[in-house]
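Enquirer: Line order of the protein sequences matches chains B and L. So the first sequence is residues 842 to 1173, counted in the numbering used here. So the second sequence is residues 842 to 1173, counted in the numbering used here.
Hints were generated in silico from the structure; no laboratory data involved. Just so you know, these numbers come straight off a predicted model, no measurement behind them. Treat the hints with care, as some may be off.
[Unchecked claim] Simulated DEER-style distance windows between Cβ atoms:
#1 B:P1041 to L:R954: 35 to 45 Å
#2 L:A1019 to B:R1076: 35 to 45 Å
#3 L:E1020 to B:D1064: 36 to 46 Å
#4 L:K983 to B:P1041: 52 to 62 Å
Built from N, CA and C at the ideal position, the CB exists for glycine as well.
2 protein chains.
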Amino acid sequence: MTKNRQIHLIETPKGKLEETHFRLVEADAPAVKDGEILVRTQIISLDAANRAWMQGATYRSAVEAGQVMAGGAVAEVVESKAAGFSPGDLVFADTGWQDYAAIPARTAQKVARAEPLSNLISVYGVAGLTAYFGLLSVGQPKAGETVVVSAAAGAVGSLVGQIAKIKGCRVIGVAGGAEKCAWLQSELGFDAAVDYKGQPVFKALRTAAPEGIDIFFDNTGGDIFEACLFQMKNRGRIVCCGAVSQYDGAPPPHGPRGVPGLIVVRRLRVEGFIVTDFNDQREAALGELQTWVREGKLKVQEDVIDGIENLPRALIGLLNGENRGKRMVRVA
Amino acid sequence: MTKNRQIHLIETPKGKLEETHFRLVEADAPAVKDGEILVRTQIISLDAANRAWMQGATYRSAVEAGQVMAGGAVAEVVESKAAGFSPGDLVFADTGWQDYAAIPARTAQKVARAEPLSNLISVYGVAGLTAYFGLLSVGQPKAGETVVVSAAAGAVGSLVGQIAKIKGCRVIGVAGGAEKCAWLQSELGFDAAVDYKGQPVFKALRTAAPEGIDIFFDNTGGDIFEACLFQMKNRGRIVCCGAVSQYDGAPPPHGPRGVPGLIVVRRLRVEGFIVTDFNDQREAALGELQTWVREGKLKVQEDVIDGIENLPRALIGLLNGENRGKRMVRVA
Chain B
842 MTKNRQIHLI ETPKGKLEET HFRLVEADAP AVKDGEILVR TQIISLDAAN
892 RAWMQGATYR SAVEAGQVMA GGAVAEVVES KAAGFSPGDL VFADTGWQDY
942 AAIPARTAQK VARAEPLSNL ISVYGVAGLT AYFGLLSVGQ PKAGETVVVS
992 AAAGAVGSLV GQIAKIKGCR VIGVAGGAEK CAWLQSELGF DAAVDYKGQP
1042 VFKALRTAAP EGIDIFFDNT GGDIFEACLF QMKNRGRIVC CGAVSQYDGA
1092 PPPHGPRGVP GLIVVRRLRV EGFIVTDFND QREAALGELQ TWVREGKLKV
1142 QEDVIDGIEN LPRALIGLLN GENRGKRMVR VA
Chain L
842 MTKNRQIHLI ETPKGKLEET HFRLVEADAP AVKDGEILVR TQIISLDAAN
892 RAWMQGATYR SAVEAGQVMA GGAVAEVVES KAAGFSPGDL VFADTGWQDY
942 AAIPARTAQK VARAEPLSNL ISVYGVAGLT AYFGLLSVGQ PKAGETVVVS
992 AAAGAVGSLV GQIAKIKGCR VIGVAGGAEK CAWLQSELGF DAAVDYKGQP
1042 VFKALRTAAP EGIDIFFDNT GGDIFEACLF QMKNRGRIVC CGAVSQYDGA
1092 PPPHGPRGVP GLIVVRRLRV EGFIVTDFND QREAALGELQ TWVREGKLKV
1142 QEDVIDGIEN LPRALIGLLN GENRGKRMVR VA
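All chains, full assembly: derive it from the sequences and hints.
Expert: Structure, rendered in structure tokens:
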């Protein structure tokens, strides 16, 4: 039997996620049923949403203690009992954190090989498409507008800012640490950056965007959401993409007190989206992303860590804002 | 000199609004400058927004202590130094709480006489247009959808619910008190009503709308906003019209914690609006409202109080949820 290393979530975290919530387990590679494919995981994507899944059902069911930790990955088909899939095919699927997974073929998305492979998880993966549709279709930026993006040095944020520049916007990133902020400006071409760990965010944003914000692309929620909300221009758009500040800890206190009033007065649109809502426009989006990368307009920042055993630490670090660009773990 | 009774705001309230924050003052009627009209106030509209104006600038500048209290009214022109206005013309304008006001003609909107005159403040005034555009243009209801409206027995809410019924929706009103709730159902044709003073709102809504909410038309914010937010269907629409629960008391604690996550997962659109954003569609809207009233499809509920001296008490009562339908004060 082929050995299958798995990382289980052994306890649902109440507060901050710790490595002790996980355990590396050795199992046998699973058998494949009809309609399924057996895949060998290549690179596992790490996403702040991984932590949100532990809080309860979202757009997917909750990850419960005792299960293999869920996660998306680029994987290679090694055995197929499903029409249309052959050994050697490359797919993106929720394999979970393990070397091998038997998955229903309908949940796997075939992807064309890319060089490097990691691009399929960053710029041409969920991160790239999320940035693309969230900014362009939901946010609808116009040249000359001011765009603020939170978690700006992250997988999605770093692309959002660059795409906003491509569209002629003025871009301000909010990120943790002076070094990330310097990088956003010097390498990615952001016009300004606010270090939320080192500066009072509200004031720094006021300085960077004295006339207010047209589009706020939000990956964090919480205090940064609030600071931006109160600086939105009339008819501004807040693109709600994620709320990473709310994932890792006790479930957030409810009560959106103080919020609706401002949404009225400034005629804000606060709109949530999930990238799969735009599946019908996927190919066109990928084509445009590829063009921008080829032309050097879009820089691809990836944070690839080796070794399945490093998954828990890598996720915990992500939640602490350790990464720059798309974090993933190479397992094969 | 003609006597002019005025009600001044003599102190900006820190907590709940009290009658002692106002004083009735007798002044002389003002002189009219070029470009102005002198009007005799007929009926003054009371709106929860009156209280919000005391908190600071919104879509208008703040009402400061020492000033005549601001407020919209139907008024008759008695003297004109502006082209296009003649004595006897009827206007809607921010006259403030007084018998006579000299106002820049450009801020006055001529209105056709209606019978009763109070209709110009309720169904054919700001309340009617707000309900119309907020529900139809912002909320975009489809037949068969479930609509929840807060402050449902109020000026706007009572019209929103009826228009939603006209459009074939299932309508649930949230209002304070069993008597109001019974009235919403028996008189206005709401399908269900939730008494937020007598029932746990979240549970009662779950019972009334077990499959969730498509459109939440929000006049209150606060706890009712929260209860609805967590019961929205995917791609639901929350129409933010007002936040009366937040106006009368200390400024609300900020911090929209917990909010963005749900907006993402359910792809909610939270959008604010102000009725004047739709000025270009005003005439068409009024025509449709008139048709519905004529055909008996839309009931007009008004709450008219007599006497300028009763303005403070009437506003305070409004903030406490005392009224049913559009509250206004007849002063002439």
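Enquirer: With reference to the structure, classify each hint as holding or not holding.
Expert: Against the structure, the hints come out as follows:
no.: 1; hint: B:P1041 to L:R954: 35 to 45 Å; result: 56 Å, violated
no.: 2; hint: L:A1019 to B:R1076: 35 to 45 Å; result: 40 Å, holds
no.: 3; hint: L:E1020 to B:D1064: 36 to 46 Å; result: 43 Å, holds
no.: 4; hint: L:K983 to B:P1041: 52 to 62 Å; result: 45 Å, violated
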